Amino acid sequence: MNASTFVLVPGAWHGGWVWNTVAARLRAQGHRVTTPTLSGMGDRRREATADIGLSDHIDDLEAHLFMEGLDEVVLVGWSYGSFVAAGVAARMPGKVRAIIYLDAIVPSSGRSVADYAAPATKDFLATLAAESRLLAPMPFDVFGVTDADVIAHVQPRLVDQPPRTFLEPLSSIVGIEAIAQAYVHCMRTNIPSVREGYEGFRNAGRGKVIELDVDHHCMLTAPEETVRALIECLP
Numbered sequence: 064m065n066a067s068t069f070v071l072v073p074g075a076w077h078g079g080w081v082w083n084t085v086a087a088r089l090r091a092q093g094h095r096v097t098t099p100t101l102s103g104m105g106d107r108r109r110e111a112t113a114d115i116g117l118s119d120h121i122d123d124l125e126a127h128l129f130m131e132g133l134d135e136v137v138l139v140g141w142s143y144g145s146f147v148a149a150g151v152a153a154r155m156p157g158k159v160r161a162i163i164y165l166d167a168i169v170p171s172s173g174r175s176v177a178d179y180a181a182p183a184t185k186d187f188l189a190t191l192a193a194e195s196r197l198l199a200p201m202p203f204d205v206f207g208v209t210d211a212d213v214i215a216h217v218q219p220r221l222v223d224q225p226p227r228t229f230l231e232p233l234s235s236i237v238g239i240e241a242i243a244q245a246y247v248h249c250m251r252t253n254i255p256s257v258r259e260g261y262e263g264f265r266n267a268g269r270g271k272v273i274e275l276d277v278d279h280h281c282m283l284t285a286p287e288e289t290v291r292a293l294i295e296c297l298p
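Residue 129 in this note's numbering sits at position 66 of the sequence shown, and the numbers go up by one each step.
It is worth saying that the hints were derived from the structure and are not from the lab.
Here are the simulated distance ranges between beta carbons:
#  : residue 1 : residue 2 : range
1  : Thr-84    : Glu-131   : 17 to 23 Å
2  : Gly-132   : Ala-91    : 19 to 25 Å
3  : Asn-253   : Asp-114   : 26 to 32 Å
4  : Ala-91    : Glu-262   : 32 to 38 Å
5  : Thr-84    : Val-237   : 32 to 38 Å
6  : Arg-265   : Phe-187   : 27 to 33 Å
7  : Asp-114   : Ser-234   : 16 to 22 Å
8  : Met-250   : Ala-126   : 30 to 36 Å
9  : Gly-268   : Arg-220   : 35 to 41 Å
10 : Gln-92    : Asp-210   : 20 to 26 Å
11 : Ala-267   : Asp-178   : 15 to 21 Å
With a straight-line cut-off of 20 Å between C-alpha atoms, the simulated SDA-like cross-links for lysine to any residue are:
#  : residue 1 : residue 2
12 : Lys-158   : Ile-239
13 : Lys-185   : Met-201
14 : Lys-271   : Glu-240
15 : Lys-185   : Arg-258
16 : Lys-271   : Ile-294
17 : Lys-185   : Gly-116
18 : Lys-158   : Asp-123
19 : Lys-271   : Arg-291
20 : Lys-158   : Ile-242
21 : Lys-271   : Ile-239
22 : Lys-271   : Glu-259
23 : Lys-158   : Ser-118
24 : Lys-185   : Ser-172
25 : Lys-271   : Arg-258
26 : Lys-271   : Ala-241
27 : Lys-158   : Leu-133
In this text, all values refer to a predicted model and were calculated from it rather than measured experimentally.
Using N, Cα and C, we set each Cβ at its ideal position, and we do this for glycine too.
Produce the complete structure using the sequences and hints provided.
What follows is the structure, given as structure tokens:
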């Protein structure tokens, strides 16, 4: 198996730390792996402000690929990270070999994360943004996570999310359909927009699909299965 370059993009409220176990296992198999942390998240929490938007996180990932000199990358967008990955793929298609959506909403041009939520949720996010407040993490039962050790590890590392990252529409991503894509679905997740994203991707025949009988935090609760799935998704 030839070595690949994986760029693992975290979801909302998380930083690059969430990938530590999966990254180590991929590296042990000879792959190059980076785990960027986006503005205001993880160990960059001191940067957190309500003014940070989706385009700022796309800028972060674009700069990461440039600064690290990465080419032919496999972008893995987990959850909210799919929007960041798709945005960078549209900006830098020549650097992206494949996109893997890991239990994520499948984004489209001109739509925001909030557009896939209930109207009341979108209104709540708009209120937070107007009041310069941040969004607290969702409860773990939404993610399907029941492992007490994982919850104890994750909970203190979560950072409130800037609401504009969910409210800002994604710019045009026309053209990324030419990039190989795959989807890994975590069957225990209780997020309707994620489930709908998977079903839409599968039904449209957009690429390889893999189902795992795991929760949303598969990289922590089922790292070996997650690694196998990511490798199986390689074009």
